[in-house]
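Chemist: Please put together the full structure from these sequences, using the hints given.
2 protein chains.
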Amino acid sequence: MAKDKNKKPMRPKALPPKGFRDYFGTDVAQRNAMLSQITEVYHRYGFDALESPAVETVEALGKFLPDVDRPNEGVFAWQDEDDAWMALRYDLTAPLARVYAQFRNDLPSPYRRYAMGPVWRNEKPGPGRYRQFYQCDADTVGAPSVAADAEICSMLSDTLESVGIPRGDYLVRVNNRKVLNGVLETTGVSDAAQQADVLRTIDKFDKVGIAGVTELLGKGRLDASGAYIDGVGLTEMQAAPVLAFLTSKGADASATIANLRNAVGGSDIGLAGISELETIGELMAAGGYGSDRVEIDPSVVRGLGYYTGPVFEAELTFEILDAKGRKRQFGSVAGGGRYDDLVKRFTGQEVPATGVSIGVDRLLAALREKGRMDEIANGPVVVTVMDRDRMSDYQTMVTELRNAGIRAEMYMGNPKNFGNQLKYADKRNSPVAVIEGGDEKANGVVQIKDLALGARLSAEIETAEEWKKQPAQMEIKRSDLVAEVRKMIARAEGLK
Amino acid sequence: MAKDKNKKPMRPKALPPKGFRDYFGTDVAQRNAMLSQITEVYHRYGFDALESPAVETVEALGKFLPDVDRPNEGVFAWQDEDDAWMALRYDLTAPLARVYAQFRNDLPSPYRRYAMGPVWRNEKPGPGRYRQFYQCDADTVGAPSVAADAEICSMLSDTLESVGIPRGDYLVRVNNRKVLNGVLETTGVSDAAQQADVLRTIDKFDKVGIAGVTELLGKGRLDASGAYIDGVGLTEMQAAPVLAFLTSKGADASATIANLRNAVGGSDIGLAGISELETIGELMAAGGYGSDRVEIDPSVVRGLGYYTGPVFEAELTFEILDAKGRKRQFGSVAGGGRYDDLVKRFTGQEVPATGVSIGVDRLLAALREKGRMDEIANGPVVVTVMDRDRMSDYQTMVTELRNAGIRAEMYMGNPKNFGNQLKYADKRNSPVAVIEGGDEKANGVVQIKDLALGARLSAEIETAEEWKKQPAQMEIKRSDLVAEVRKMIARAEGLK
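As they're listed, the protein sequences go chains C and V. When the letters of the first sequence are read in order and numbered with our numbering, they come out as residues 853 to 1348. When the letters of the second sequence are read in order and numbered with our numbering, they come out as residues 853 to 1348.
No wet-lab data here; the hints were simulated from the structure. As the structure is a computational prediction, the values presented were derived from the model and not from experiment. Don't take every hint at face value.
The list treats identical chains as one, so a pair stands whether inside a single copy or across any two.
As the list claims (entries may be wrong) - Only pairs whose alpha carbons sit at most 25 Å apart, straight line, appear in this in silico BS3-like list of lysine-lysine:
id: 1; residue 1: K1222; residue 2: K1329
id: 2; residue 1: K1196; residue 2: K865
id: 3; residue 1: K1196; residue 2: K870
id: 4; residue 1: K1179; residue 2: K1056
id: 5; residue 1: K1071; residue 2: K1179
Modeler: What follows is the structure, given as structure tokens:
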């Protein structure tokens, strides 16, 4: 028999890999517009652009270096020709650490950089959960001052308003890991493993609420599924400061601060954290950022385990309907905080850093949900082809329109069926179709058709003759083409 | 002895993988500005955005599916958890084919799309040769008309002028594969392998010139290295049409067309190709694109082997000095053509397509070379920290400046050494530094410093007192901060 090679090849499937997707037209334009708006704010705040490659050595990415043969847990990784492992970046912070370590002698200090672009996660995809998505980060490296953290909070607030989230529909909430460290001191829990258990329990606060955390810090809790979850085993007295911390948000900043002082007792680290929160509050007030935009909220627990100082989270506070039709808050669209071990892996030195990451895709979803997305989509004027020997005539009209800044094109498909040309124009959301048959040419006129008006009828119209009878069609002088098309587009815009 | 695990880990190298690089500040901003300019033209021409993922199945990418275990020749590829091969896209055309095949029933026909983004090549990196670089493509799928090709040519011309290449510094050159097919018919070479040899030889025209091609089509040629390269073995008579084709560019389009007619003899396919070139010429003329912008040039050979109809290439015609100090033309920055097998692998159907790819990085290099890049870089106004207990005061100034649209920041490093603050401002290309010590605060004034003027001196200045003596420094009322800073920036801009 013949070799395998001679088998007729199967046709490849026309699909992207699982968990990846395509973005078309308006979706791309809207994201680019948002990235530009964010860039403008980041730039105004003094941050400089950095674009690192999509690919890093696995060694430089670091946290994915287990003792296994294929270190691709969570990342897409492969070996190059020298057997070195490379991987797609999973966030924009790990590349920043590599870049800062590499160029630290040449970069300004502090180094303020923003970065935006896709990141990749080798995780199980799910509904709305993709393995490639955009992040949009800003970080200040080498700034120990809490003023750097405060600045990130005001920038986050300005950014959200700049992309179209009005004041009142979002809140930047600030907490501090140092306060939590003070709370842990006050509990008297000194065993590292038990401290980690407490941290993990706090992380569940968003899900299980204060009653759930109370049970989990103590003996344990019966899960919703009926399973019994063992508790951390703290006494009530030990658990009290943690619960006080999580519920210490008061009517205003000073009430919250007073509650926090009770929670940390005399702990130095705890008091230092509270002092940082106070400073952030003062700087916010000085900048005119009231508690309707940025507030201190000790119930923010996301990232408390990872960060070393202030932690921030931006939430959209309006309600949407979830997949099951229940009302819920839209939730988090950005998060960040202070981390002091950014480049230590590379250089051995601790370098303080603070930053934020905006989830651009979630933010876009939120704006779409609220109907606040500008209709960037505008279809091209379509110059139809009535006589295929006069393509130059049609192309000249298109060129005139384009030179006047009007989006326009000649129909490029087979011109035989005029109905197909109009169906094409509809599919492209064309505002105007231009028609010039032999008679029009002879008389120095063209027909222009308001397609927004005529859209409902177009499916039934097969010939140019029928088309001419529609009310939305006008005969104009050929020499007035640009002016009349512009008028018709403006009228259609006005009707939206 | 202990296990391997207990070995102290080596510090990772702070380097990107070989062949990858980072882009900072102005480089990123300039590329984004160029991509926006190109997008504007593509959009005005009626093309819609498409953003496909960086990752495709190797099956869908297609041309990299050899009978080997690791199909990563030329691409970065890896196996996912189901053992399926995935790879980073190596261009934007292969993903377009997959997308068109997948969504062909929903997309408008013809489908006009543009795409821009990085692509990846697993090739040996070299000087100026990176394994990740940007492409910027526009393609029309499903348009058999040569008008679609002509449009690509005028769009390419408009795009180059839009990004800052003046007329006269570029040329879009057009050739046609069908004409070459006609030439091949005329030679009488019918053996497929020998035809392929002729094509490969023509591809060397750019390098070896007409004399070299003449030798290589005949008996062979002594290489520059002294090696003898065997020729294709055509007789002089057989080679004559090929040589006539390559040298058929005349003084104007009609002279070129006449020369081409001689080269193709009576070949139908050749005459069809010539007719297409004539139509492109007519459409160009109708649109006002003269031969100083788009011209028919049968010496364009790049891509002739790959494309099936018209082929185009955009060249920058000005001279630069190469690495060895010799004058040479900058050369090609974009290329494209017609290819009719775009989706056949997926669907079995032939779908005509034509398009262009712009090498954005080369185009940026050309503009930098000619000093035609706008100075997008403008550093932030730096508000210095004279008294670390008054950060709110400084932050308030920064907020006022930012709210007025002025790029500004407070110094975030350790404020102890005032000289470091000024060195930082210099490194950031700050136009203005703002200084408010205790005395100024008491008197309701601030010092503002023109750093462009003072830059040369700053390295020697260590204290705020010395600094105040510099001529470029002004004392202004605190309440005039925004107005005076704006004036100083405007003055500095004017001096550039």
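Chemist: Confirm or reject each hint.
Modeler: Against the structure, the hints come out as follows:
When the C-alpha separation of K1222 and K1329 is checked against a cutoff of 25 Å, the pair qualifies neither within a copy, at 43 Å, nor between copies, at 45 Å. For a Cα distance limit of 25 Å, the shortest separation of K1196 from K865 across copies, 12 Å, qualifies, whereas the shortest one inside one copy, 46 Å, does not. Taking the shortest alpha-carbon separations for K1196 and K870, only the inter-copy value of 23 Å comes in at or below 25 Å, while the best intra-copy value is 36 Å. Proximity of K1179 and K1056 under a CA criterion of 25 Å is satisfied intra-copy only: 21 Å inside one chain copy versus 67 Å between copies.
For the identical chains of this complex, K1071 and K1179 are neighbours neither inside a copy (33 Å) nor across copies (81 Å), given an alpha-carbon limit of 25 Å.
Consistency with the previously given hints fails for numbers 1, 5, ordered from lowest to highest.
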